[in-house]
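Participant: Listed below, chain by chain, are the residues.
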Amino acid sequence: MTDSIAAVSLHGVTKRFGEDVVAVDDVDLEIRDGEFFSLLGPSGCGKTTTLRMIAGLEFPTDGSIEIYGEEMGISPPNKRPVNTVFQSYALFPHMNVEDNIGFGLRMQKIDPAEIRTKVGEAIELVQMTGMEKRRPNALSGGQQQRVALARALVNRPKVLLLDEPLGALDLKLRQTMQLELKDIQSEVGISFVYVTHDQEEALTMSDRIAVMNEGRMEQVGRSEDIYDSPGSLFVAGFVGDMCFLTAEVVEAGAVRLSGGEIVRARTSDAAGTSVTLALRPEMLHLYAEASEAPSGRNAVKGSIARSVFNGGTMFYEVDIGAGGSFDVRVENKPSMRRWDMGDSVVVDFHPEAATALAQ
Amino acid sequence: MTTLKERKGAQQESSNPKLERSARRRESWRGFFHAAPAYVYLTVFFTLPLLIVFVFSFASRSRTGRPELEGWNLDSWARLGEPLVRTIVVRSFTMAIFNTLLCLLIAYPFAYWIATRARQSTRTLLLVAVLIPFWSNFLVRTYAWRMLLDSDGYITQIGEFTGLWGRMLFTAPAVFIGLVYGYLPFMVLPLYAALERMDWSLVEAGRDLFASGPKAFRKITLPLSKPGIIAGSILVFIPSLGAYVTPDILGGAKTTLLGNYIVTQFGSARNWPFGSALSGAILFVMLLATVAYFRTGGRTV
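If you read the protein sequences in the order shown, they are chains A and B.
Each residue of the first sequence is one higher than the one before, counting from 1 in the working numbering.
Each residue of the second sequence is one higher than the one before, counting from 360 in the working numbering.
Think of the hints as simulated: they come from the structure by calculation, not from any bench.
Predicted model only: the values in this text are computed from it and were never measured.
Backbone N, C-alpha and C define an ideal beta-carbon position, used for all residues, glycine too.
One or more of the hints may lead you astray.
Examples of chain B residues lying across from chain A (beta carbon under 7 Å, computed) [to be verified]:
| no. | residue |
| --- | --- |
| 1 | E563 |
| 2 | A564 |
| 3 | R566 |
| 4 | D567 |
| 5 | P582 |
Within a straight-line C-alpha distance of at most 20 Å, the following computed EDC-like cross-link-like pairs (lysine to aspartate or glutamate) qualify [unchecked claim]:
| no. | chain 1 | residue 1 | chain 2 | residue 2 |
| --- | --- | --- | --- | --- |
| 6 | B | K585 | A | D99 |
| 7 | A | K158 | B | E429 |
| 8 | B | K578 | A | D111 |
Turn these sequences into a full structure, and let the hints steer you where they fit.
Facilitator: Here it is, written out as structure tokens:
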């Protein structure tokens with residue numbers, strides 16, 4: 001994989017709207033051949049603009065975009081080997097399902113018999129057989145989504161761009177479609193660039209994720225890396241649940257909490273730096289006594305300040321005095337010990353589960 | 360979603376059907392009262408006069424030119440087949456069609472341009488500019504054109520200076536300038552309304568699916584703005600078919616058109632029955648054409 005040419009690469013891409021709006025700010029990015037790549041970030045972070053620049057619907061103010069080694073410059077969308085699944089699907093209301101899907105092929109002046117075969121295959125791929133003659137307004141949201149996907153995929157683009165394609169669907173359908181999309185991607189083997197603001201969706205589907213904020217790339221990496229070792233405070237807060245504590249680096253691999261407790265954590269800053277300690281609530285464990293906790297890990301004393309039952313999990317807020325509080329999530333199972341308000345507990349966690357991030 | 364719908368349905372079932380029926384009846388009565396002023400107005404000032412016109416078309420004409428409401432006959436209707444009438448009808452239709460096409464060609468790019476302005480305030484300003492001519496009388500404006508197009512008018516002077524055209528007053532171009540000027544807003548507004556509603560991401564999708572700019576326009580923008588094209592064309596075509604002020608003032612009444620011809624029947628020719636038959640026939644044809652147009656056009660979009 002590493003020696004193969006990148007599917008899409010962005011070099012110093014900047015996009016300004018007007019004088020003072022910088023939508024995308026000096027972004028470098030490499031999307032590999034055949035991977036499911038997500039651009040993740042809050043609304044207004046520049047992820048959609050980045051996608052639109054790859055599609056050719058916007059042009060960068062600065063920098064360059066290459067698709068399979070070919071410099072795109074200001075070539076229009078119809079001259080690029082990519083296709084897009086739009087956020088609102090953008091199905092042509094005056095054409096039926098079949099004609100919508102065949103549109104791209106017709107525009108490329110492909111032989112009508114071949115178009116028919118390819119459209120038929122695409123309809124089968126997205127399981128829309130029998131709906132060929134329907135107009136988009138006679139389809140449900142999920143069906144429209146499938147048609148939009150088929151309409152893009154039927155052209156066998158080198159890269160498929162998807163702009164929050166599941167955003168308009170309800171939760172259940174979205175989850176089904178997530179898995180289906182992933183299956184289709186591995187079936188067709190095309191690189192997918194997927195824009196979403198839903199971090200769970202990005203984690204579920206992607207091989208790699210780029211987290212964007214205010215036009216900049218915060219972190220690019222595998223889903224696991226993004227989740228387990230966030231590279232910045234923003235990524236830590238945006239992806240998954242996280243509890244934050246203020247601390248100060250004592251030495252490499254150790255920080256002091258505001259209450260004076262010294263815990264071991266992953267650090268990258270010099271001693272004396274003020275940091276924020278980020279911990280995943282599900283990686284924290286509760287014990288009644290320090291002696292019960294496994295040795296060689298961190299153990300911080302505190303008391304239960306709040307407990308919330310959440311079905312599959314039990315959520316506790318553990319007050320540790322001046323140091324602040326820990327959020328702890330415990331899986332709900334018969335062996336689970338339940339704590340009451342005010343119980344004194346020991347919060348236990350592995351040093352690897354605590355990341356010290358510069359403020 | 361479904362649960363909400365189900366609950367709504369359940370609620371409806373449980374309510375009293377008799378109560379519901381009376382509520383619906385009251386609702387429809389209220390609707391009628393709201394529309395009553397319009398009904399009354401249209402009946403008194405539109406339907407009744409139209410009926411009178413229709414009745415007169417079967418009347419006969421006395422030697423002095425007075426319509427006589429006895430001796431009913433179809434003479435006036437029979438006269439519609441005369442060669443002179445046919446010539447006038449063909450001429451008027453040709454002019455109306457040509458005027459409609461001219462308006463469409465000029466209005467479409469303009470409406471497109473307004474609809475694609477990003478700022479709402481710019482759009483409003485441009486639309487107001489389209490409507491400004493309506494603030495003064497049509498006749499006055501047509502006379503203004505007459506001054507511009509006359510021998511010493513600015514437009515004639517510019518034409519003579521550049522050597523491109525001469526005095527246009529009382530020629531066909533003058534009539535078309537006047538007609539396009541008069542009816543352009545009726546074309547711009549429905550086109551703007553259609554284009555403003557356009558989902559431009561559809562055009563983007565088209566471009567993304569390998570359509571060039573012109574191709575995307577032809578395959579997506581144009582079909583989706585068809586309701587506006589139809590509405591605008593009807594709004595321009597119908598009045599230009601009966602136009603008589605503009606051909607009279609700017610064309611010098613050199614050629615007879617349907618509008619002038621009908622006016623003549625009610626005026627100097629003193630032949631009310633024939634004028635009525637002419638009016639009735641045009642009305643009927645236009646009505647049929649409009650209904651047919653909407654039938655075919657309404658379904659495709």
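Participant: Closer than 7 Å between Cβ atoms is the bar; does B:E563 clear it against chain A? Give me holds or violated.
Facilitator: 5 Å, holds
Participant: Are the Cα atoms of B:K585 and A:D99 separated by 20 Å or less?
Facilitator: Given that 20 Å is the threshold and the Cα spacing comes to 19 Å, the pair holds.
Participant: The hint names B:A564 as touching chain A; please verify it with the least Cβ-Cβ distance against 7 Å.
Facilitator: At 4 Å from the nearest chain A Cβ, B:A564 passes the 7 Å test, so the hint holds.
Participant: Take a quick look at whether A:K158 and B:E429 sit within 20 Å of each other, Cα to Cα.
Facilitator: 83 Å, violated
Participant: Quick check on the hint: B:D567 CB to chain A CB, less than 7 Å?
Facilitator: At about 5 Å, which falls below the 7 Å cut-off, the nearest Cβ of chain A leaves the hint on B:D567 intact, so it holds.
Participant: Is the interface hint for B:P582 satisfied, with its Cβ closer than 7 Å to some Cβ of chain A?
Facilitator: 5 Å, holds
Participant: Closer than 7 Å between Cβ atoms is the bar; does B:R566 clear it against chain A? Give me holds or violated.
Facilitator: 4 Å, holds
Participant: Is the straight-line distance between the alpha-carbon of B:K578 and that of A:D111 20 Å or less?
Facilitator: 19 Å, holds
Going through the hint list in order, the structure does not satisfy hint 7, though it satisfies all others.
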